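Visitor: The whole structure should be built from the sequences, with the hints applied where relevant.
Those protein sequences? They're chains E and R, same order as listed. Using the working numbering, the first residue of the first sequence is number -13, and each one after it goes up by one. Using the working numbering, the first residue of the second sequence is number -13, and each one after it goes up by one.
Please keep in mind that the hints were generated in silico from the structure rather than gathered at the bench. The model shown is predicted, which means the values in this text are computed figures rather than measured ones. One or more hints might be untrue.
Copies of one chain are not kept apart here, so a pair can be met inside one copy or by any two copies together.
[Unchecked claim] Below 30 Å or equal to it, Euclidean Cα-Cα: the simulated DSSO-like pairs (lysine-lysine) are:
1) K156 to K(-6)
2) K121 to K36
3) K79 to K(-2)
4) K79 to K114
5) K(-6) to K121
6) K130 to K48
7) K(-6) to K195
8) K130 to K(-6)
9) K127 to K156
10) K156 to K130
11) K8 to K130
12) K130 to K(-2)
13) K8 to K36
Protein chains: 2
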Amino acid sequence: MERKEISKSVLKRLPGYLAYLKTLSNETNAYISATALANALGMGEVQVRKDLAMVSDGGRPKIGYLRESLIDDIEQFLGYDNTNDAVLIGAGKLGLALLGYSGFDDYGLNILAAFDAAPAVTVTDSGKPVLTMDKLESFCKSNKVRMGIITVPAVHAQSVCDQLIASGIKAIWNFAPTHLDVPSHILVQNENMATSLAVLSMHLQAQMKEKK
Amino acid sequence: MERKEISKSVLKRLPGYLAYLKTLSNETNAYISATALANALGMGEVQVRKDLAMVSDGGRPKIGYLRESLIDDIEQFLGYDNTNDAVLIGAGKLGLALLGYSGFDDYGLNILAAFDAAPAVTVTDSGKPVLTMDKLESFCKSNKVRMGIITVPAVHAQSVCDQLIASGIKAIWNFAPTHLDVPSHILVQNENMATSLAVLSMHLQAQMKEKK
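Guide: Written as structure tokens, this is what we have:
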């Protein structure tokens, strides 16, 4: 189907639908309706109906969606079926943890290699090469890599970001707790775990104070 | 100093300041001004000045902040100095990656134990116990744990969330790609890596299309 403009809030709900649909078996649930899905997930029926209509035109009145087709449509929509090759910069603690996390395969992410200013190892436990930064540009260009993951300390993040862009990267997943300046055609998605922890920690501190 | 109300955007910038301040040496930078910090990080001077004034009252005109005191003030503000004990639910691929990530120590997070409906191991590589779900409530209550990390599949997340709340948890770090319903005194911080990847992937797909 033709791709429609979609909001970030819809995008956030789609992985939830997908996860639930995959838990159902084909014997008991060959078809599933927006109503059944809404009830199972405790969500509004209208919202679920609209969301599904954005990503699939396979819905039939009174019957619903063929479950397997709906799974395909959502996965295609989210881009899980076309794998994105990526490079990761910063083979420190967080970088190595992400490199070792095999769950990204399910989302179509394939980290080809890691780069580091001073690699402590030449290959990770999971078998990914760890290369020096001077190899970055040629590696990205010869492998046509367009996604970069930044896991360096905050002070080095902008310089790494600039090097990624010079290497042809168009989408950046930023785990460094700092803002990155980029041209308008580059997308930065920030994943700030330090901020998340600070927000949680401050909530707990505020609660302690209330009790006193 | 007395704690002021602080916006999430300020919170997001503080870890960046902290990371940079820690890279400086005491010989060359015993004192640092908001102006110097702004220049080093390529940020607006007024913003940095305001941010620092929120967390520290140690700034002196024309001299700036004593670097070590400023580090202490930011860390105290972010709650990095009072350690938060946490439990993690869902010892799958993501859960085990987080359990193995020692970098959380720097942010005052201490994961005491993991819980799983059907643990594949009884202890992780990093030496954390993996317990069955029926132990959750007594463990949280006897250890006074108030933070829970959810890394179960989306369909199980709400039920796990309810169990955490029943166990006395007040702050939830949710890695499951789904919305959680909670009472108003409970804080949920969502870390939706699947959504991030979908956003990045869709940006790359849209760029491909433009080129054609």
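Visitor: Each hint needs a verdict: does it hold in this structure or not?
Guide: Comparing the hints with the structure gives:
For a Cα distance limit of 30 Å, the shortest separation of K156 from K(-6) qualifies both inside one copy, at 19 Å, and across copies, at 27 Å. Taking the closest pair of Cα atoms, K121 and K36 never come within 30 Å of each other, the shortest separation being 47 Å inside a single copy and 41 Å across copies. In this homomeric assembly, K79 and K(-2) come within 30 Å of each other (Cα to Cα) both inside a single copy, at 28 Å, and across copies, at 21 Å. Taking the shortest Cα distances, K79 and K114 sit within 30 Å of each other both inside one copy (15 Å) and across copies (17 Å).
With identical chains, the CA atoms of K(-6) and K121 are never at most 30 Å apart, being 35 Å at best within one copy and 37 Å at best between copies. Proximity of K130 to K48 under the C-alpha cut-off of 30 Å is found in neither arrangement, the shortest distances being 46 Å within a copy and 50 Å between copies. For a Cα distance limit of 30 Å, the shortest separation of K(-6) from K195 across copies, 20 Å, qualifies, whereas the shortest one inside one copy, 35 Å, does not. Proximity of K130 to K(-6) under the C-alpha cut-off of 30 Å is restricted to the intra-copy arrangement: shortest distance 27 Å within a copy versus 37 Å between copies.
In the homo-oligomer, the alpha carbons of K127 and K156 lie at most 30 Å apart inside one protomer (12 Å), although the nearest pairing across protomers, at 48 Å, exceeds that limit. Within a single copy, K156 and K130 get their C-alpha atoms as close as 11 Å, which meets the 30 Å cut-off; across copies the closest is 46 Å, which misses it. In this assembly of identical chains, K8 and K130 lie within 30 Å of each other by CA distance neither inside one copy nor across copies; the values are 32 Å within and 36 Å between. For a Cα distance limit of 30 Å, the shortest separation of K130 from K(-2) inside one copy, 28 Å, qualifies, whereas the shortest one across copies, 32 Å, does not.
When the C-alpha separation of K8 and K36 is checked against a cutoff of 30 Å, the pair qualifies only within one copy, where the shortest distance is 20 Å, while the shortest distance between copies is 49 Å.
The structure fails to meet hints 2, 5, 6 and 11 from the earlier list, while all remaining hints are met.
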